[in-house]
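*Asks:* Residue strings, one per chain:
There are 4 protein chains.
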Amino acid sequence: MRPNEPVPEWRVRRWVGDGPASLASLRGRVVIVHAFQMLCPGCIYRGIPQAVRLHERLGGDAVVLGLHTVFEHHDAMGDASLEAFLAELRVPFPVGVDAHETPRSHPWTMRRWGLRGTPSTVVIDRAGRLAWERFGSEDDLDVGLRLGQLLGAASEGCDGEVCPA
Amino acid sequence: MRPNEPVPEWRVRRWVGDGPASLASLRGRVVIVHAFQMLCPGCIYRGIPQAVRLHERLGGDAVVLGLHTVFEHHDAMGDASLEAFLAELRVPFPVGVDAHETPRSHPWTMRRWGLRGTPSTVVIDRAGRLAWERFGSEDDLDVGLRLGQLLGAASEGCDGEVCPA
Amino acid sequence: MRPNEPVPEWRVRRWVGDGPASLASLRGRVVIVHAFQMLCPGCIYRGIPQAVRLHERLGGDAVVLGLHTVFEHHDAMGDASLEAFLAELRVPFPVGVDAHETPRSHPWTMRRWGLRGTPSTVVIDRAGRLAWERFGSEDDLDVGLRLGQLLGAASEGCDGEVCPA
Amino acid sequence: MRPNEPVPEWRVRRWVGDGPASLASLRGRVVIVHAFQMLCPGCIYRGIPQAVRLHERLGGDAVVLGLHTVFEHHDAMGDASLEAFLAELRVPFPVGVDAHETPRSHPWTMRRWGLRGTPSTVVIDRAGRLAWERFGSEDDLDVGLRLGQLLGAASEGCDGEVCPA
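Residue numbers (this note's numbering), protein chains in the order written: chain Z, 298 to 462; chain E, 298 to 462; chain P, 298 to 462; chain C, 298 to 462.
None of these hints come from the bench; they were simulated from the model.
One thing to keep in mind: the hints can contain errors.
[What the hints assert, rightly or not] A short list of chain Z residues far from chain E (calculated; beta carbon distances all over 10 angstroms): (1) Ala318; (2) Arg324; (3) Gly325; (4) Gln347; (5) Leu355; (6) Asp376; (7) Thr399; (8) Asp436; (9) Asp439; (10) Arg443; (11) Gln446; (12) Gly449.
[What the hints assert, rightly or not] One side only, chain Z facing chain P, incomplete, derived with CB under 8 angstroms: (13) Met298; (14) Pro338; (15) His370; (16) Ala373; (17) Ala377; (18) Glu385; (19) Pro389.
Predicted, not measured: the structure shown is a model, and the values here were computed from it.
Idealized CB from N, CA, C, for every residue including glycine.
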């Protein structure tokens with residue numbers, strides 16, 4: 298994926314929580330996808346807490362979603378484990394389980410989006426195009442400044458017909 | 298001061314570091330003024346470190362300045378003390394010393410701007426108008442989101458003649 | 298369990314890592330048992346990192362062990378999940394899996410020792426007696442002072458025959 | 298100063314707060330002296346907050362004291378500045394001002410004790426001998442373990458007559 302190009306639809310096996318119908322259905326809103334694995338230390342200690350803080354602060358023009366992209370320890374991160382993990386950590390946003398074509402392959406959306414590992418953050422603008430993609434962690438001030446600028450840019454990036462839903 | 302109204306010029310007795318000629322001379326840039334006292338715990342532990350982090354991240358379209366607004370312990374926070382403090386803490390942005398009309402009065406700019414205490418942050422938009430003023434601390438994510446949105450709003454708030462310098 | 302009374306032997310189904318033969322075999326050393334569940338937030342964010350820091354600092358006269366005491370979300374915290382969790386978080390000390398008499402009962406050692414939840418820390422003196430038991434978290438300075446005093450007390454608590462192994 | 302040798306009496310110009318009559322008068326108690334300068338970043342951000350946490354936790358058999366050892370920026374850290382600083386940061390233990398033989402010399406106690414800079418911590422056992430001296434910061438767990446062991450060692454280090462006051 299390249300900046301400013303359309304982000305392909307995800308392929309999600311199921312949602313924990315009330316997930317959206319599709320990425321396309323979120324057109325007109327900024328979408329922050331936090332791709333993680335429940336047993337990845339960078340996700341547990343930095344990525345997920347930051348995504349939760351973002352969810353608490355962002356209003357209706359932006360949405361935070363999780364994407365569980367398991368590419369290792371498949372037996373350790375099945376549905377029951379993920380559900381318990383999300384409940385115990387009180388993750389308040391919906392989390393989609395990235396689809397696998399074969400049981401131990403890299404998950405579908407992760408491959409299609411070219412993600413390099415976890416945690417990764419994919420930020421999609423109001424027109425459904427890639428704003429940026431980041432592997433690893435950024436501190437709160439960097440994330441806030443970057444995301445604030447995207448949110449402040451109003452609908453500048455939209456071309457009339459497609460943008461505001 | 299009210300949001301969207303012009304911010305009055307400061308009155309500064311001297312600058313530590315290379316301060317700007319005036320507030321007016323910064324028209325066209327977002328100005329973040331961190332008003333502090335060198336012996337205020339909220340300034341030492343939260344406000345100043347955050348202002349330094351902002352200074353490190355913001356480019357030419359935004360400027361971070363300190364304003365030393367002493368309204369208590371006047372003998373403890375004189376010029377020699379302030380200079381040593383700024384050198385030891387490696388504060389990288391210019392700091393203006395708010396003027397006093399009489400030696401122990403509330404300092405001039407603090408009164409004129411209606412600041413309630415320290416730390417206070419005053420954010421001024423590209424047209425020289427108050428974006429917001431805050432007494433106390435905010436966490437990095439809140440500050441980043443808020444400031445990012447102002448920076449992302451481009452020159453939308455400017456009315457042709459006055460705005461970009 | 299009461300302070301200064303002998304701590305009963307644990308009953309552990311298996312060890313991840315190189316566990317000791319028994320509690321009795323550790324007589325003469327101070328034993329710190331960190332009882333946790335891999336999906337308990339207080340364990341993930343405070344208890345386990347602190348136990349790791351203790352393990353890194355303590356020498357041969359003290360030993361840190363984990364005890365996985367699962368009493369909820371049994372399906373989510375099976376052997377494969379625990380092993381992946383310990384590997385990913387690089388937990389450097391051996392972890393025993395507390396035994397269950399029936400699949401969903403409270404685990405055996407947890408009941409026998411009267412632990413109230415996770416994280417719990419059980420500290421056993423050189424003579425095999427309970428020094429203290431704590432439910433929840435303590436900050437590093439409290440833990441250090443308390444444990445340091447026990448370690449500094451030399452073998453005062455030992456009655457000749459039984460104490461140094 | 299060497300470990301286990303008697304620590305020479307300090308020479309203090311004045312106390313802020315209710316200081317002890319002398320070091321000798323504290324015989325029988327463990328004494329933790331936190332040597333600092335009010336404008337030293339390592340003191341402000343790590344040393345002093347840790348000394349305050351120690352003071353809050355230690356009982357009657359141990360005492361925490363500050364020692365203001367100014368060897369630079371003498372004009373910036375005079376009596377008025379120090380008093381305001383200690384009041385604002387709510388430092389709860391007495392602070393002695395290390396004596397100067399000439400106005401800009403290294404302070405007397407700092408030289409006599411051979412301290413290399415600030416922050417330094419000097420820990421004196423119940424018999425008035427040096428337990429250890431440390432330049433710079435240590436984390437809470439290290440400090441707690443080390444100090445706990447000294448406190449736990451009872452009066453082992455005392456020779457009958459001189460030790461308990």
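*Asks:* Run every hint past the structure and note whether it holds.
*Replies:* Now the hints, each set against the structure:
1. Under the 10 angstroms C-beta cut-off, the non-interface status given to Z:Ala318 relative to chain E holds; the minimum distance is some 27 angstroms.
2. Its beta-carbon lying about 20 angstroms from the closest one in chain E, Z:Arg324 satisfies the requirement of being farther than 10 angstroms from that chain.
3. For Z:Gly325, the shortest C-beta to C-beta distance to chain E comes to about 17 angstroms, beyond the 10 angstroms cut-off, and the non-interface label holds.
4. Consistency note on Z:Gln347: stated as away from chain E, yet its beta-carbon is not over 10 angstroms from all of that chain's, at 8 angstroms minimum.
5. Separation of Z:Leu355 from chain E is inadequate, the least Cβ-Cβ distance of about 8 angstroms not exceeding the 10 angstroms criterion.
6. Consistency note on Z:Asp376: stated as away from chain E, and its beta-carbon is indeed over 10 angstroms from all of that chain's, at 31 angstroms minimum.
7. Here Z:Thr399 stays apart from chain E, with its beta-carbon at least about 39 angstroms from theirs, past the 10 angstroms limit.
8. Interface exclusion of Z:Asp436 from chain E breaks down, the closest Cβ pair being 7 angstroms apart, not more than 10 angstroms.
9. With 10 angstroms as the threshold on Cβ separation, the claim that Z:Asp439 sits away from chain E is violated: the shortest Cβ distance comes to roughly 7 angstroms.
10. Z:Arg443, annotated as away from the interface, has a beta carbon of chain E within 10 angstroms; the closest lies near 7 angstroms.
11. With 10 angstroms as the threshold on Cβ separation, the claim that Z:Gln446 sits away from chain E is violated: the shortest Cβ distance comes to roughly 3 angstroms.
12. A cut-off of 10 angstroms between C-beta atoms contradicts the statement that Z:Gly449 is not in contact with chain E; the least separation is 3 angstroms.
13. Interface hint status for Z:Met298: violated, as the beta-carbon distance to the closest one in chain P is roughly 27 angstroms, over 8 angstroms.
14. Taking 8 angstroms as the C-beta cut-off, the interface hint given for Z:Pro338 holds, the closest approach to chain P being about 6 angstroms.
15. Hint on Z:His370 holds. Least Cβ distance to chain P is approximately 4 angstroms, under the 8 angstroms limit.
16. Restraint check, Z:Ala373 versus chain P: the minimum CB separation of about 4 angstroms is within 8 angstroms; hint holds.
17. The interface hint given for Z:Ala377 is met, as the beta carbon of that residue sits about 4 angstroms from the closest beta carbon of chain P, less than 8 angstroms.
18. With 8 angstroms as the threshold, the beta carbon of Z:Glu385 comes within range of chain P, its nearest partner Cβ sitting at about 5 angstroms, so the hint holds.
19. Checking Z:Pro389 against chain P: minimum C-beta separation of about 14 angstroms lies over 8 angstroms; hint violated.
Going down the numbered hints, you'll see the structure goes against 4, 5, 8, 9, 10, 11, 12, 13 and 19, while the others check out.
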